[in-house]
Structure formats: structure tokens, C-alpha cells
Amino acid sequence: MTQVVSTTYTADEMMAVAAARRLQDGTVCFVGIGLPSRAANLARATHAPGCVLVYESGTIGAKPSHLPLSIGDGELAETADAVVSVPEIFGYWLQGGRIDVGFLGAAQIDRFGNLNSTVIGDYDRPRVRLPGAGGAPEIAAWCRETFVMLNQSPRTFVEQLDFRTTAGAGVGGAGVTCVVTDLGVLERDGSGELTLTELHPEATADQAREATGWDLRVADSLRIGAPPADVELDALRALRPASGETSAA
Amino acid sequence: MAEIVPLREAVAELVHDGETVALEGFTHLIPHAAGHELVRQGRRELTLVRMTPDVVYDQLIGMGCARKLVFSWGGNPGVGSLHRLRDAVENDWPSPLELEEHSHAGMAAAYAAGATRLPFGVVRGYAGTDLAERTRVAVITCPFTGEDVAAVPAIRPDVGIVHGQRADHAGNVQLWGISGVQKEVVLASTRSLVTVEEVVPELDPRPGAIVLPGWTITAVSVVPGGALPSYAHGYYDRDNDFYVRWDEISRDRDRFRSWMHSHVLANGSSP
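Protein chains in written order, with my numbering: chain A, 1 to 249; chain B, 1 to 271.
Since the hints were made in silico from the structure, they are not lab data.
You may find that some hints are simply not true.
Calculated from the model, a selection of chain A residues having no Cβ within reach of chain B, i.e. all distances over 10 angstroms [unchecked claim]: (1) R21; (2) R22; (3) V28; (4) I33; (5) A48; (6) S65; (7) R127; (8) R144; (9) T156; (10) D182; (11) R209; (12) D220; (13) R223.
Quick list of the computed label-pair ranges, beta carbon to beta carbon [as the list claims (entries may be wrong)]: (14) B:G42 with A:R127: 28 to 34 angstroms; (15) B:N91 with A:D206: 57 to 63 angstroms; (16) B:F242 with A:T8: 29 to 35 angstroms.
Glycine residues also receive a C-beta, built at the ideal position from the N, C-alpha and C atoms.
Using the sequences and the hints, build the whole thing.
This is the structure in C-alpha cells:
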């Protein structure tokens, strides 16, 4: 297969593309703002038009034409199949086990996919107070699987979390199965530990090791991911928030 | 039945220093004007409850209205940190702020329990997290299946405040679009205030609308634009640019105070 390949793209675009490729048509995704929303909307705009986007604001089956700034932008409600209350979205839909893939970000991750989005430093006297749990603990617990998206560095990939906001192991599903970073993709193996299984073009395993605060496992059969194709980049860039435009509901 | 009264009067009568107050609105219909009235009337020592404390709680906290915050996600959505919340937690400025934090699922269940007048809500949550030790949850066992679940204490604010699109002259309130926990917080609270965009003679049906009967509400105040910079579906859009600008305005203590003086305190009272 030959595809036209773009020569210039950003690390964020590569991350969105790598995550989007992992979503199959018809997948029901619980989406947060930022990279997850870009990835899921990209999948919907390209190979997975039947991808169902569920935002925690209670919008089920949202079809935004532009990326929303917040999880509760009006366009999400206007284009949704259903709009439900917050107790319902976290009850019937999330804890009820109706979501295939959850997406999360975090400030820190450990080798087992546990996440911190609460504090850096001591809880009672934090150096940095982060936003907190939001939907994360129950997303990781109850989605069939959860993808994490964050940049890889010794500050984010840590031996010991300052606070465990979210358990990576999952309860009703497989928990964190996949971590997409600016360098590549890590997957949790049978032991529950993250293993580097794929590198983005031009990234190296040594770079990934240096950007990891523990002794990183690297798969024997390390794959090299394809760079974003033009069709992917065009679709991704067309999603950018366009101010002044009304939605095509 | 809900009385239709000016906002200043409603806040003066309903909200007192030291009480537990919940302003809700999940990104949509956030009662900003009512929050500003709390600042103008100089409320102190409040326990502020809100799933997603964003700009309006950053303002209340930075102006010294709060003693404690009960919440599940405190950030500027799509933008970053809440600098006044962080300054209060990290540096006790302008005063120390006690935190009680939950997950969204936990807090949503706690509101639903409050509305039901149950003592606690039940969540399949908190397992394997450090949150459990830091907040008010307990593991209980289902008497029928033996399954372990988490119990979160019901939220029952002294005052619940939300914004809705419109009311009729009897104080029945109709709101639509993303409805968050609007209904739950009004029904969970001892007293409630709903600000609305307008009063209309008749509430004709809207797809997906919920109606809060006037007899469940203490006071209704007509405040057009009362949700800005958040939005009121069908009336005006979210001012996304303002949320981005707030990052800069709120970063510096002096700039924050000066902004609050010229945009909130000097504004007199809303109608």
C-alpha cells in the first residue's frame, strides 16, 4: 500500500493519529477535551464514521464539526443522539459498562498505568495543585479498556506517583491497555506492566528509555508506526475550532 | 411557590455567612451573575459545593468568600489551572481553603442521594485509589449479592443556585440542553434560587427540556445573560475567548483584584 505521506507534522498530531488508528468503526468512546477529543473526532472523520462519542457532560453520540473547547460546548448537545443528566451518564452509561474505550490524560503515570491528576508534592501542602479526579477513576474502572495520552518525560513517567488518583488495573474492563506518547505507544502486558511496543517515526527506544523514570520494558518485536498520511492530517486540521462559524447541526 | 424577586434581594434573603452553598451548571447554565452577587454582598466562610469549580468559583475563592470547597474537578476547562484556587490551596491566599474532593461519579451519586433524601449514594467507584483515604467515602457490602460498593454521603446544601432559560409567572422553571445536576441540586437543597433569562406567559414544550415546578424553588430572579461567560442554550453561546483570557487575568493577585473591582464590585447590583 502506498499512501501520500506528509513531511511536516507536530508531535500532538502524531499522537492523535496513533490513537485514532486504534479505534474501530462503531466503538463507543468516552472522550475528554484536548488530545482525546481530537483523536476520537479524527477517527470519526476518517476510517470510523460510526464511532460513538460520549462526553461526560451527558452528550451521547455527539457529532461536532469542530473541536469543542469544553466538554459541554453547545454544539455537542445540538448534534448528540441523546442528552442525559450527569448522574445518568456516570451511572447507567459508564458504571453500567456501556463504554468500549475511555480516554484519559494525567500529570503522572507509573509502570502499571496508575495515574495522578491530583497533586504534585504532598497532598496537604502540594507544590502544584492539579484539577483532581473528575471522571478518571470510574472511566478506568468501567470502560472495556482505557487509552492514556500524555507526553513522555522523567517528570511524567515516574517510579512513584505523588498521588494515585486512578487505578490502572480496571474493574469491569481491562483498565489502561494503551498509552500513546509523543515518542510511541506502550501497552500493558500480562504482568500488568507497560511495555514499549511501537515507536513513532524518527523516535528511538533509547529516547523512550531516557524519558522514563523506571527501567522501561521494550518489546522484542518493536514496531515503527506509519507517519500521518495526508488524508489523516487534512482531516485533523479541518477539525480545528473555527471561531465565528455556526455548527452544521 | 417560588417568588420572583430581584437578584440582590434573593441573595440577601437566601444566603448567609457560614452556610453550604452549591452553584451548579455543568459547563452550561453556570449561574455567574448569582456568584457575583455573593461577592458583592461580601459573603464569608462559605462551604462551596460544585462538581466543576471553574471561573465563578475561582472568583469567589480569590475574593475570600470560601472556607471549604467540595468538588470533583477544579480547572479552567480546555485552558488549564484555576490560579486563584491553586493560590488558596498552595499558599493560603487570601485565606486557607479546606478541600473535600470526590470523583464525578461519586459527587453525582451524592447529589442524587440528596435529592432523594437518602443518607448516602452508592457508586461502583474509588477502588484502588488514594482518594478513598482523603475523602468521605466508605466501602459497604451489598446485602443481596455480597458485592463491595462505595457509599458517599448525600449532599444537602443549605442553598442551591442554578441558572435556567426561562420561567413563567408562577415561578415554574424550564431548562434544556446539557442539564448537568441542575435538577438534583435544587431538590437536594433546603433553599434554592434559580436565575433565568426571561419570564414568559407560558412554557411551551421544548425537546429534552426539564421543568422544575415552582413549588420546589424558593426564589426566581430574572437575570438576562446571567450565565455568561458560560452559555444558555438557545439564547447565547459560550464566550470561549473569555475562558482563555481568564488564565492571564487570574494569574496575578493584583490584576485579579483589580479586574474584580472594575467588573464585579463596581457594577453595583444586577437587577
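Each hint, compared with the structure:
{"no.": "1", "hint": "R21", "verdict": "24 angstroms, holds"}
{"no.": "2", "hint": "R22", "verdict": "24 angstroms, holds"}
{"no.": "3", "hint": "V28", "verdict": "17 angstroms, holds"}
{"no.": "4", "hint": "I33", "verdict": "5 angstroms, violated"}
{"no.": "5", "hint": "A48", "verdict": "24 angstroms, holds"}
{"no.": "6", "hint": "S65", "verdict": "15 angstroms, holds"}
{"no.": "7", "hint": "R127", "verdict": "7 angstroms, violated"}
{"no.": "8", "hint": "R144", "verdict": "15 angstroms, holds"}
{"no.": "9", "hint": "T156", "verdict": "16 angstroms, holds"}
{"no.": "10", "hint": "D182", "verdict": "19 angstroms, holds"}
{"no.": "11", "hint": "R209", "verdict": "28 angstroms, holds"}
{"no.": "12", "hint": "D220", "verdict": "30 angstroms, holds"}
{"no.": "13", "hint": "R223", "verdict": "31 angstroms, holds"}
{"no.": "14", "hint": "B:G42 with A:R127: 28 to 34 angstroms", "verdict": "32 angstroms, holds"}
{"no.": "15", "hint": "B:N91 with A:D206: 57 to 63 angstroms", "verdict": "40 angstroms, violated"}
{"no.": "16", "hint": "B:F242 with A:T8: 29 to 35 angstroms", "verdict": "33 angstroms, holds"}
In the structure shown, a violation is registered for the earlier hints numbered 4, 7 and 15, in ascending order.
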